[in-house]
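Engineer: Make the complex out of the two chains shown on their own, each in a separate frame, by following the hints.
Note that the protein sequences, when read in sequence, are chains A and B. So that you can map any letter, position 309 of the first sequence is 309 in this note's numbering, and since no number is skipped, the others follow by simple counting. So that you can map any letter, position 479 of the second sequence is 479 in this note's numbering, and since no number is skipped, the others follow by simple counting.
These are computed hints drawn from the structure, not numbers from a lab. Wrong hints could be hidden among the right ones.
Partial pick of chain A residues on the chain B-facing surface, computed with a CB cut under 8 Å [claimed, not checked]:
#: 1; residue: 13
#: 2; residue: 221
#: 3; residue: 222
#: 4; residue: 244
#: 5; residue: 264
#: 6; residue: 267
#: 7; residue: 527
#: 8; residue: 528
#: 9; residue: 583
#: 10; residue: 594
#: 11; residue: 608
#: 12; residue: 612
#: 13; residue: 662
#: 14; residue: 664
Straight-line alpha carbon distances no greater than 27 Å define the calculated DSSO-like cross-link-like pairs of lysine-lysine that follow [claimed, not checked]:
#: 15; chain 1: B; residue 1: 518; chain 2: A; residue 2: 528
#: 16; chain 1: B; residue 1: 278; chain 2: A; residue 2: 219
#: 17; chain 1: A; residue 1: 219; chain 2: B; residue 2: 199
#: 18; chain 1: B; residue 1: 278; chain 2: B; residue 2: 158
#: 19; chain 1: B; residue 1: 199; chain 2: A; residue 2: 528
#: 20; chain 1: A; residue 1: 528; chain 2: B; residue 2: 517
#: 21; chain 1: A; residue 1: 528; chain 2: B; residue 2: 278
Built from N, CA and C at the ideal position, the CB exists for glycine as well.
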Amino acid sequence: MSATTQRPLFDPPIVRRALREAIVKLSPRHMVRNPVMFVVLLGSAYTTVAFFRDVAQGRPDWGFTLQLALWLWFTVIFANFAEAMAEGRGKAQADTLRKARTQTTAKRVAKPSGTARIDRATFVEVSAEVLRRDDLVVCIPGDVIPGDGEVVDGVASVDESAITGESAPVIRESGGDRSAVTGGTKVLSDYIVVRITANPGETFLDRMIALVEGASRQKTPNEIALTILLSGLTIVFLFAVATLQPFAIYSGAATTIPILIALLVCLIPTTIGGLLSAIGIAGMDRMIQQNVIAMSGRAVEAAGDVNTLLLDKTGTITLGNRQAAEFIPVSCVAPELLADRAQLASLADETPEGRSIVVLAKTKFGIRGREVGGEQDGHHQMEFIPFTATTRMSGVNTADYEVRKGAGDSVLAWVRQQGGATPTDLDAAIQRVAMEGGTPLVVAERPTGNASAARVLGVVYLKDIVKGGIRERFERLRAMGIRTIMITGDNPVTAAAIAREAGVDDFLAEAKPEDKMALIRREQAGGKLVAMTGDGTNDAPALAQADVGVAMNTGTQAAKEAGNMIDLDSNPTKLIEVVEIGKQLLMTRGALTTFSISNDVAKYFAIIPAMFVIAFPALQALNIMRLHSPQSAILASVIFNALIIVALIPLALRGVAYRPAAASVILRRNLFVYGFGGLVVPFIGIKLIDVLLVVTHLV
Amino acid sequence: MTLNGWLQITFFSLCVLLVAKPLGVYLVRVYDGSLTWLGAVERVIYRVCGVDPAEDQHWTRYAAGMLLFSIVSMLLTYLVLRVQHLLPLNPQHFAAVSDRQAFETAASFTTNTNWQSYSGESMMSYFSQTTQLAFHNFASAAVGMAVAVAFVRGIARKSAGRLGNFWVDLTRGTLYVLLPLCLVLSMLFVQQGMIQNFKPYLDVVTLEGAKQTIAMGPVASQEIIKQIGTNGGGFFNANAAHPFENPTPWTNFWSVFTIFLIPSALTYMLGRMVKSQKHGWAVWTAMFVLFFAGVSVAYWAEARGNPIHAARGIDVVSSATNPGGNMEGKEVRFGIANSALYATVTTDASCGCVNSMHDSFTPLGGLVPMVNIQLGEVVFGGVGAGLYGMLAMIVLTVFIAGLMVGRTPEYLGKKIQAREIQMAMLYVLVFPAAILTMTAVSVLLPAGLAGLNNSGPHGFSEILYAFSSTAGNNGSAFAGLTGSTYYYNTLLGLNTLIGRFAMMVPMLALAGFLAEKKIVPASAGTFPVTTPLFVVLLVFVVLIVSALTFFPALALGPIVEHLVMGAGKLF
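Pulled out of the complex, with its shape left as it was, chain B reads as follows (with noise of 0.2 Å):
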């Protein structure tokens, strides 16, 4: 570890701190409709489409939209995929994707998971890509906060179940918060070297003489949403690591930023709406915490490198000429904090994109990774997905621990009664339904074990990243699992929905619940949801749950390979 590398942690850190507070004033303008600066753009879309902006949705129907807009996205994407051949922009005559590969990537596109069992540059067309993959970039990261917000009204207001309106949400999340910051930062992007074009691939030839092609497209405007929208699909199969996708120390620093941008300003939002600021900075600074451990043993495990290479006479100590530790599977460009810092972020978030390959970290430096999913990615979190799921995680403390003060639980003035911990415990037993399951049946069938590359823990980990990350809709992978299969396209598509929906829904019914609930004012009774008490019982209840569920199985993978790695032993 190095201070240089410390150093790039900490203004990280204090970026994500700053913007928390002037994009979530932001975000509360958005969607408490103060904001009309699109007004007329708003209004033609809602004639348009013959939505009534100003119906108030009950949470049935508010997850009725949620749910229609996500199925009929994800069927004219499958659609799109099948007969992308037909269709224009399409310069190197891509084929029609396998129906296996198109139904797993619109599934994984429409779920904000982005998982890729496909190069980019080899199988999408450009207009398979800017019509329809971009567009769930957008779509899924805007359902993302809308369920978010709805879920904040749930607690924030008594209005008979009623959480607003899915399409006007859905609307202005894209059109005030998505589009413009795109706009923007991509900017940004392609002044620091980021290709936007659609044209044909070029075919050069290297210095050494060979022939090599090399893949164009419009990378600048796809990366910065798949940033901000949390959803980590790239371009090109190398992601974040590829030259073109992530040229500098500067788009890497503004990608990594951007994940935890929305993020850190949707716990401002929550405190405003809920109209205490000191909430919302708990809940900030219990992710925070989160966050923080997992980098620090991430940067760790991967600074420290292999022992096995130490033991040999390797020099893994870092210096001004040798980065030092574990620098597999890394880009030199960036090095380890930076591939630590990455990894970290793009699991503690649902981003999934990768500057580094998580297969290639050691043991624990990628315990980190698959953790941060298993823990639910309330780690600041996918845009939204984040938010409400550490809102379950709160509701789940505020029951156990809020008891202990000699109330029944409240949260907010909320009471937690019978029905909202169903809701919220279906929440947590999605996780351990869908990933130790499909993980349990994969590593017992040989269509399961077909895939993998690795033997051993090592090929465990694989398998229940893949599923970790698909449920999680992560989307980024311990590669070494070859998951373009039949076997695996389907389970890992059914995952995703799963991961997406079997959650979205429940949540939504919570805050529907909350949200037919009086508010008891608070009291020196109250359970305390603003001190550093609070934070510290949260952070432990968000790792209890995860860790009560996983721990056997990565007792089985990372934990048994770094135990067995310093016996000698690697797989």
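Only chain A is shown next, with the shape it has when bound in the complex (with noise of 0.2 Å):
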């Protein structure tokens, strides 16, 4: 899935295939849908007829009526366009998916026949989108697992981290409890035969490929709202337009019905009413290009909307692994005996905090990482003893000493039943480390000898890594009014100190689950919308709790059902990125909108005095336009009303410019450049289209 090389935003094969829907869609139908656009779609449909029967009677302004039926046809058509694209673009995303679906493969064996055993050596490789329900697949060490499914065979030693995040191999067997395997997880050893057990088209990737592809899109709530002010706005319309023949019939200045239709068509907001349905899809479309499926296009909407951040701390906000920072000997312990100690303790750790301790005491004390049961430096028979979740130390007994290191509390009481005692300093050390938002790890040793007491050597700092330039990105977040809350396993001391590197808002430290689904729940009771990423099966309620969930690609299959986004590249970072396309959509809407709606003040200059200066030569003054005559008015404008939606296409699918910022600071720039813009651009461009008219003789 590369979908991050950007599609042209005309790509010729997107915007033919768009032409062609553009008519289909004339369907009165699907047109229906559309209110505003319907209206002009009967406008259109009363002017042709109106055209023939002119040519009928051989009256002299065929050519003007002619004129107007096609431009009002190229209005609907324009708008169907404009939908158009925003689907093609969606569908063109919908093969890339597709294509990425079937580039994972899997050795396909056949089914025995009775009770006779797998032949799992003759396999046939094929893609993984052919897999059906009930196939088996072997996989070996390496191999992807193509589906989720069942193990019926073999035992296998599993790396699931890509879904826990847990990265100790797990064993998968057939039969019993652990013989569940999910699709995405990674054979490390031996191997398995799977049944699958989901059809292709019933998988998340399919269900993806139809919400990419639009084809189950339902209009979101604020979708319908202004869909309901539109529709409003088009009803005073026709009232307007309706009543203003009346008005002239008693002023003896009637007009023809296909002046009121143009008349009409170019008062209803039609910028927006065209653009409308194509800025959705191209919100979602945007959702896509960062690699994030949007199960609807109400959560996208409920992103713009977000009021609060949960991030979890690990992976998110900081690195996922903590480093080695510093050796912090207690008093009358010289710094490099710490290091050595530490490094000799962590040797055979494999966690990036042990490799990190080694490293540590290497480029700041030159102790070189020796070989686990090498011979150098008198280090024979070393033994070491890992670290487990009850004793919550690890460490390595040699010939000389043995040395502990682990959570405080549990070295001390080791040291304390060694005979040791306390040192009076330790505290300040492991103090300072939790405030500066580190982890302490305390070390210990006590050599070999049954009278030597044991005795503390110092701390090692573990320190928390923030990712770089997270705290600008809160500070945008902040710009915007959202808050931001990060959540982790840690203490409140360590917790408030990366906070307050990191900058977020609140935190909320040594959270349960159930903890951070409470916090979902008190922030919504205060009328807030939450926004939360989540990868594991114990993140589901959250998920589903939140307004929007952005599930991890590589969780479990419960979270991303309990999720309504899904990041398929898994970075939990992206979060910032939903919010913003979320605000970007509602922007566009809005500002496409006020320029619609400001439009229509240029329009009445136009097209007021066009319709009756005849009767009153007076009204000229009202024609502060200049334009050149009542029929080159009225087409200018209509001419105008159908090309801004071909303009505006490419503001609908990227959406407006977007920077964060507060919202009175946005409202200025969009207001200036929308509703100012709106209120000037028609004056210039009727003036422009009225000069072309002449010149080319149209009229």
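Structural biologist: This is how it looks when you write it as structure tokens:
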């Protein structure tokens, strides 16, 4: 999935398809979904009839009526084209997604007959897409399991880190509780035969494809509200235009129905009416370009509204791994000694934290990492004590001494048990590390020999590394009025320090899954909309509760089902982009609505004098654009009205320019560009078209 | 335009500003129930009427109560007018009011319109005036305030659609606000020489020896509520141009000031109740900007006068001995500035009382009152009606522009969604549906054209103004249209009912929907409703909504009349 390659806005194949679609969409059954454009459709149809009548009656202004009819049809077709363009981009994306799916290959084996054993040696390589439920596939080390399924034969260690975040491999074997495997996980050793349990078409990816294609697109709540507003305005203008003829008759200035239709079409909000659905589809499309699949337009809309972001500390705010940053010896202990012992105890520790201790000792004091079980430095017969959840420490026993490192209280308990005492300055060191957001790792040793007491050597400062640039991003969010809350399992002191460093607004320390849930509920009860990311199964309830729940693609099925968005890149930081896209979508809608309504002022000044200037020559004073003639004025307005839809398609698809700032700043900018611009642009545009019409002798 | 004129307008503006806070605070205490100095009276009323004052009504019940009260009181008035010849306090022995006239008058007073196609002094008995028309002056104002307060509650609370108790709001509004204000201020009017009696009309011989009948009556008491309640129905046909109804410059000031008294204070109440005083002031400012623009145009147009006069050598420049400008239809006691101010204020609010004849204004001067009404009378507006009308405009503003800050629109923490927009649009649709349609029908039908005394654009303006004024529940008129015909009595009466209840019910529904919603706390990402930018935006939306609706009609009325006048033609 490298959808990050940007598709050009007017991709020729998409344009070709969209042009065809624009005509197909003229079907009244489709048009009636969009009341504003439906009115234009009816107007176009009537004007066409009027044109034929004019021709039949040999009236001189049939050419004018023809042009009017054509441009009214163009108005509808342009609006349809905009929608088709947006959909076309989605369809192209769906094709990309399909390709991604077919690239996973599976080793399918034949189903055994009766009770015969599965012959796993003879398999056919097929794409994952053709796998059906009950198909059997064999997975050998290095294979990605091609789909959700159940182990029916064999036993293998499987790397499920993609789903659970646990790096330690797990055993999957046939029968019993450990038989379920998930697509996307990787076999590390041995082999398993998996019976596939989900048909293609029912899998997650397939549902995504359907969403991207817009097949099941429904209007979002805000779109519905906006449609009501636009329909209401359309009715207002229907009244204004329909009553104008009686007023005109009273004034002795009766006009023709096609001209009234032209006025009506110019006044009703065709610009936003024509582009509304394109904006919505394009918003989801932009999500996809960020590799985020939104399960509904509603979710994208909610993203723009989010007040609170819940961010997991690890992986989102900090790099996944803590790193040793400093050795802090207690008094009477040389730092080198502490570094040496800490390194020794970490030699067999494969965790990133352990590795970083080895590296720090080397870079700071030049202590070289020794071979485990090697002969150098007299560390004979090293016996490593692994970390367990109960002892909460690890270490090493050599011929000369025993070393332990781990959580403060566990190591201290060990020291006391071995007859040692707690140094007076240890607490201060632990506190200091915790206050700075680090994790203190206490190191202690006991010379081998029965009588010697254990002693504490000092503290290794394991530091959480806050991601670069994250602080600035939070500041941008704050400017937008979004509060960030960091979720961490750390103690409050450490959490506070990291929160300070990362610049989050608040934190939830020592968080359990139910705490997260309670926090979301609390925020929502206060009227706030909450967004979060999650991947584990225990995140699922919270993901479902959150207004925007972004599940990581590597997460468990449960998490993906619960969220309303999926990040294919599994990058939790992307929540910020998701919010920005949501906001951009809403802004685009608002901007074009404002633009559309502001346009009407100029159109009134073009058409009203044109309609009545014959009866009241004094009305020429309102013709402030000095348009050539009544016919050119009306035609120029209708043409401008049609062309502006096309001109704004790129804006609708790309969204308005977005820079994070406070609402008041954004409002000022957008009002100037789209409100004031919307007032001014049509005056210029209509005048230009009027000049062109005159030059080309079309009127 | 004179310095004196501008100083008076400035003085008026300052008074409107200064009264907002003290009266606003008082209104908050009236409607939250914390004022109890009339508790005993209140309790008796509730007991007699069987009202449970503790009941918090759902918006549907609130609206039902409002409708029930209005319908019953309207029917009662119809009945009384029909039989006033049988009732006491009728020294002039006026006959029963005709059916169509009684319907129109009952509808008109119930809806706070007070459109009068009759002369009070030659048709209404003292009984009808004091027990019916004056009653509606109080009641319709109290109903308007109640609906406004209910709307604000809908914004401020989360209460499953409950908006308070209609009967309590009605009672408290009358008891604590309208009655005390009227008691005090009517004394002021009487002191200035306004009459207050139940005497038969006086027959006097004038200096020239002609016999003249001078109409009498309880004027001051009626006059004050007509202003405070933005009713506008005059005791006399000449309304506030009549020397007994508006004897001195002081009564003129007090009567024009009292029109804006409660509407100005209601904006402060809004700010207090929604806990954003700045928002209250922003709304006040938007209203003031629209008011000031209106009065400036009207004053300018009237002071400039008729260019045809100037072209014929008539001195239209004001001086110590010559008011200049266009004095046609204006009281010399009040002059141009006070007439322009009065006309602007009475149409900004849904008052409709007049101290000059709008029909005789210059086309642009007359355009101002007409546009004011078509704006929805949201510029301070009728008591209550102005505030909830402005709130509907705010909902639209927030919805259209709110999206531009990148959030789904919210107003003071309440999300504006499909149902709310539906109600706001229903509200917006009432005006074009009622005013434009009825005007269109009337300019085509002989019955509609029959009452017209002027032709061309001016005649058109008269019809358009009549339907705007009734749908807007204003009640002022571009006289020149004979409204006392079956056709107009019926249509205009209906129009007042549509303009009142077809707007109030959607507004209560909108308030109820808002009251069901959670309140989203404000943040830097929230659409700002307290800034100067918001004021500009709101003013713009108010203008554009009505401009888009009425521009074609206005172009064929006052606008073309103005342009043709420039070419030397009048209608």
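Engineer: Which numbered conditions among the earlier hints are violated in the structure presented, ordered from lowest to highest?
Structural biologist: 1, 5, 16, 17, 19
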